[in-house]
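Student: Residues per chain, in single letters:
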Amino acid sequence: MFGSIKKYETFADRSNPITKIFMAVILFITVVFIHNPNYLFHLSIIMMLAMIVLSGVKFRYLAALLCFILLIGFISSLYMIFYGEGTTTLYRLGIIHITEESFVRGIHIMMRGLVLSFFGATVIFTTRITDVFYSLMQQLKLKPKYAYSFMAAVRMVPIIASEYMALRQARKVRRALIDKKYVSGLKGFRTAVITLLSQSIRRAYRLGIAMEAKGFDDGPRTYYHKTSFSLSDVFLILLTAACIYTAIQLGQTAAPFASTDAR
Amino acid sequence: MAARKGLTLTDVLITVVIALVFSIIYSIWGGVYTALQPFGLHLNELVYGMWFIAAVVAYLIIRKPGVAIIAEFAAASGETIVLLQFDVMLMLYGLIQGLACEIVFAIVRYKSTALMVAVLAGVAAALSTLPLDWYYGYLGHLETWNLVLMVGFRVLSGALIAGWLAHLLYRGLKETGVLKLVGSREANHSGEL
Amino acid sequence: MVINIKDLRLRFPEEEERLFAGLDIRIQEGEKVLLLGPSGSGKSTLLNIMGGLIPEVIDVPMKAETLKISDDGAYVFQDPDSQFTMPTVGEELGFVLENKGVEKAEMERRFPDVLKAVGLDVSLETGIQSLSGGMKQKLAIASALLQGSDTLYLDEPASMLDDGSARQVWDTVESIWKDRTVVIVEHRVDYIWDKVDRVILMDASGGIAGDGTPEDILTDHLDLLEGFGVWHPRSWDAAPVFERTETSEENLLKAEGMNIRRGKDDILKVEDLKIRKGEWVTIEGANGTGKTSLLLALMKLIPSAGDVYYRGKKIRKTKQIAGDVYPVFQNPELQFITNKVFDEVFINLEMHFDKTEAMRQTGKILERMGLSHVSHLHPLEISTGQKRRLSVATAFGGVPEIIMLDEPTFGLDQKHAFRLLEIFDGMTKSGTTIVMITHDEEIKKRYPSRRLLLDGGILKEKEGMTDVRVH
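Chains as they are written, first to last, in full-length UniProt numbering: chain A, 1 to 263; chain B, 1 to 193; chain C, 1 to 471.
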């Protein structure tokens, strides 16, 4: 999928998707329980480096992604920076009240997002979507009915997207001949979504029949792609653990924030 | 001939495809949400309800146990695929919001398609992730007026978008005749041959 | 005998009338059978019963006195986009064998043979999305072969393809059908008519009106074929003939130095194109040559280098030209915006007339397009052919100067295709210009006043005429 922008592959590409998802969950729980912004500061930098090295993606694409993640992360922390509780006022304008505490807390929330985004990007760049479902079926015994529905539906995403584009073009032309009220606002949104949904439901229905006509049932089956756990998974687990450990160690020695508890 | 019980392959396929249509909408909606964030006044919460609409629409169409959870989880994973951003938090939230809807639908025994049921599911989904947000986003440390504003907006949005708008879409879809393909199977076997 | 069905009764739950009320049908081993009939005659339904999809997968109440069917038969369906499960060629073929419990090593041994059998020369890693329509259908045939069945059910496998690809698909079908029983539903029959052993002609009420060799059907039942309005090898003998009128010299639409790109590739260059009042122009060219893109670029719906002029005025935005030049796109569904067939036409007319007059005219247009009986239905609910006619009907209300149509006769039966051609003729005579993309050789040969060809990335005049820029 990313063949054109990738330069090399690492053990991250070879490890089982389930391990990656599991590690992402561990990481999520970890950042929710970290209240020391110094730990998070180092963890987000380490995760950024991990993404750059492990994803194997050309740097200019990573740089663009990096900017995007940072911007979104910052914006989503503004509510806390502006309106969080605190005693040491830094700035006040109307209802906006930035305090030292709320500022650190806002940045802390932003860093939580960064850690998860960086790891998430690494997962995306090193995983084929079909492999996720193949390993869910083989290692976690997910019913084929669900796995194949997902894989088949994913195939439809580009079709739905191009239908949406065509629908917009068609409306642009019809607009000229009719009252605008039919294609604007809620009415326009509603009919557009209904058309897309109805087309997709029809297609899904036909696909379901085609799949059963090809002999699909929910019982035991063989697999074209075999997935398993390997040494690569051990590497990934060790690496994630090492990242968290290092971040906490560094956070105790090199502390950019004066506060050790964002709460 | 025995009518098939539980979710059939076609049920699951239709659920997931509906979810993916919405995941495209979610992805576009994400831009609206982010654009409203800088004000910090939680205006973004007013559009938050869009994120549970998939569960409600899918339920209204198929009305079987499990559909709401699958739809919401699929829509969240779909967003991952459309935006190329794997986000555990998003998927976890999807799961919880789907579960909240599912509980409401279970209470009405997967029978009712009333507007009120849709609205209740929307509100339930809106409230369902508050505990997680509390820890993750330190909501306890917001000024009280600001917190009330946020919760109020969110519930309103859940009721309006995930409830009322979802129901509007369902009624529109019914008019297109496409729901005959997913209609309840018992109804198929009445009348003389 | 492979199939023996006696006294078949079936009624769709939402319908008043039974589709089949006592149908008998038998098919012998190794027979190649074509099912033919007007829309609504139940051809596809019958195909689904023969293969056991009804009632196993599609739950429709039915019964029969005798029901001997070949339910391990393999299907090829019409729409390439809704019959594949997996993203790549290898995974899709793998899916079929996974269902049968075949081990991976054995799968890989069987893939090359089956790809060769259908003449599909692509690697297993190729994304299905990147295949052309014809290649996708060949892949569908390959999947069907892997199922190892002796019976093949083909449900309009070539109806969404252009002529060239359709011919290739039928050649492929013919190359693999020896020793197999093949039942075909198809409405574009020119390539297969002489190749099948037997044609079964069904009538509009789900009965069998004729059954025999292709020659017999053509000699004995020509009146029925014409009456049902289905395509048959002699269809064009009865095609409408129009008097050619002089087109005026008045230039309406002009494009200069146009260059359409997709990503980094040039797909089409148009030096100088002029469309005059009252012309009937066809745009021809193989799939993927950029015909639809040209239409979109002229409407300023996609970016392109160069200039477009309408009545001498330079056009920068769709807004400036929409209404005067009206395109009818390929997917009719995506153009509908109301929830009633009637309203779809009415909303155009209400801009020009008072309500009573607008309603009267809407009724007239629907009548002319053969849509009166469905005017109360939702536009997404009607049949494919009706949708296409409705999408053309939406062009009439605003009385545009130029109507640009992307394959307007695609998927229509003979009756409605001819009706549409008559309407187009009437429009050009009253001064409206018709520009249409078409793959149909007969239409290209018979009707246009001028033919344009897209070939090798440039737009040319066809038939001895010189390059477009001479005009």
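The set of hints was computed from the structure by calculation and includes no laboratory data.
Bear in mind that the values here come from a model prediction, so they are computed numbers and not experimental data.
Ideal placement from N, C-alpha and C gives every residue a C-beta, glycine not left out.
Mixed in with the good hints, there may be bad ones.
Claimed, not checked - Below, a list of computed lysine to any residue pairs in the SDA-like style, where the Cα atoms sit at most 25 angstroms apart:
| no. | chain 1 | residue 1 | chain 2 | residue 2 |
| --- | --- | --- | --- | --- |
| 1 | B | Lys-174 | C | Asp-81 |
| 2 | B | Lys-180 | C | Lys-274 |
| 3 | C | Lys-63 | A | Cys-67 |
| 4 | C | Lys-340 | B | Ile-81 |
| 5 | C | Lys-100 | A | Lys-180 |
| 6 | A | Lys-6 | A | Gly-86 |
| 7 | C | Lys-314 | C | Arg-360 |
| 8 | C | Lys-104 | C | Lys-63 |
| 9 | A | Lys-187 | B | Gly-31 |
| 10 | A | Lys-143 | B | Ile-81 |
| 11 | C | Lys-277 | C | Asp-150 |
| 12 | A | Lys-226 | C | Val-114 |
| 13 | A | Lys-180 | C | Gln-361 |
| 14 | A | Lys-141 | B | Leu-95 |
| 15 | C | Lys-32 | C | Lys-314 |
| 16 | A | Lys-172 | C | Thr-247 |
As the list claims (entries may be wrong) - Residues on chain C that point at chain A, a partial pick, calculated with CB under 10 angstroms:
| no. | residue |
| --- | --- |
| 17 | Val-2 |
| 18 | Met-299 |
| 19 | Pro-303 |
Student: Of all the hints given earlier, name the ones this structure violates by number, lowest first.
Tutor: 2, 3, 4, 5, 6, 7, 8, 11, 15, 16, 17 and 19
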